[in-house]
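Given chain A's structure and the hints, the job is docking chain B onto it.
First to last, the sequence lines map onto chains A and B.
The opening position of the first sequence corresponds to residue 5 in our numbering, with each subsequent residue numbered one higher.
The opening position of the second sequence corresponds to residue 669 in our numbering, with each subsequent residue numbered one higher.
Wrong hints could be hidden among the right ones.
Derived CB-CB ranges, DEER-like [stated by the list, open to error]:
no., chain 1, residue 1, chain 2, residue 2, range
1, A, THR66, B, GLN685, 42 to 50 Å
2, B, LYS682, A, GLN84, 42 to 50 Å
3, B, ARG683, A, ARG64, 40 to 48 Å
4, A, GLY57, B, GLY684, 50 to 58 Å
5, A, THR81, B, ARG779, 29 to 37 Å
6, B, LEU728, A, SER31, 16 to 24 Å
7, A, GLN84, B, ARG683, 26 to 34 Å
8, A, ASN22, B, HIS678, 36 to 44 Å
9, A, ASN28, B, GLU751, 27 to 35 Å
10, A, VAL59, B, ARG749, 24 to 32 Å
11, A, ILE112, B, ARG779, 36 to 44 Å
What the hints contain is simulated information worked out from the structure, not anything from laboratory work.
We put the CB at the ideal spot given by N, CA and C, even for glycine.
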Amino acid sequence: TQLLEQSPQFLSIQEGENLTVYCNSSSVFSSLQWYRQEPGEGPVLLVTVVTGGEVKKLKRLTFQFGDARKDSSLHITAAQTGDTGLYLCAGYGGGTSYGKLTFGQGTILTVHP
Amino acid sequence: DTGVSQDPRHKITKRGQNVTFRCDPISEHNRLYWYRQTLGQGPEFLTYFQNEAQLEKSRLLSDRFSAERPKGSFSTLEIQRTEQGDSAMYLCASSLASAGRNEQFFGPGTRLTVL
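Isolated chain A (complex conformation) (with noise of 0.2 Å):
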């Protein structure tokens, strides 16, 4: 069974601060997804790595797939209040599977003014 443990699962930070998010895992995954998912909706894709030790940067957002593609990392740089919601990831291939995505369990940000 391929799991992603994501850390931490709450963080709660002012306006301003620097913030990351860990996703790991035991398995090897062909890409990983991160979304960011509003109350009451569905998950919006913010970015997919594919490369081991790819990084992405989207505006203030950097992610970082881990060199043996097994965990990646969310860094947020001055963080908004806009940016207040959870993040997932999920990884994509690995073992017998290669529809489903495999979910972290999530990290609920709140930035405060």
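Frame of chain A, contents of chain B only:
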């Protein structure tokens, strides 16, 4: 730009009733997925289709659950004899199958409450 749509957005039903949800994927996507999400958790995979073929089902999908995608376009998820434990957000996603990436785009979900 038409994304994934789901209907209804909310459903309240009594225990023992049957419910059916519909998902319309992004038009050029050949894969369609169903996930279930409970409060404070990440989505859990239920099943997926490539075109009209159902290729994988989770052990979470009990005999009371059935999904169809008859013409390879929209899909329905039916839950028979609903139980309180079925209360959750049911999410549909679609993708264009390709090796290594499989970027899945999600709909807004259907929130099911079983009383």
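Hint check:
1. Range check, A/THR66 to B/GLN685: Cβ separation about 47 Å, and the 42 to 50 Å hint holds.
2. Range check, B/LYS682 to A/GLN84: about 43 Å between beta-carbon atoms, so the 42 to 50 Å window is met.
3. For the pair B/ARG683 and A/ARG64, the beta carbons lie near 46 Å from each other, so the given range of 40 to 48 Å is met.
4. Judged by the Cβ atoms, the range 50 to 58 Å given for A/GLY57 and B/GLY684 holds: they are separated by roughly 53 Å.
5. Distance hint check: the CB atoms of A/THR81 and B/ARG779 are about 34 Å apart, consistent with the given range 29 to 37 Å.
6. Under the hint 16 to 24 Å, the C-beta atoms of B/LEU728 and A/SER31, about 19 Å apart, fit the expected range.
7. The supplied range of 26 to 34 Å is broken by A/GLN84 and B/ARG683, whose beta-carbon atoms lie about 43 Å from each other.
8. For the pair A/ASN22 and B/HIS678, the beta carbons lie near 37 Å from each other, so the given range of 36 to 44 Å is met.
9. Separated by about 34 Å at the C-beta atoms, A/ASN28 and B/GLU751 satisfy the suggested range of 27 to 35 Å.
10. Remark: the range hint 24 to 32 Å for A/VAL59 to B/ARG749 is contradicted by a beta-carbon distance near 49 Å.
11. Between A/ILE112 and B/ARG779 the beta carbon distance is about 18 Å. The supplied range of 36 to 44 Å is therefore violated.
The structure shown violates the earlier hints numbered 7, 10, 11.
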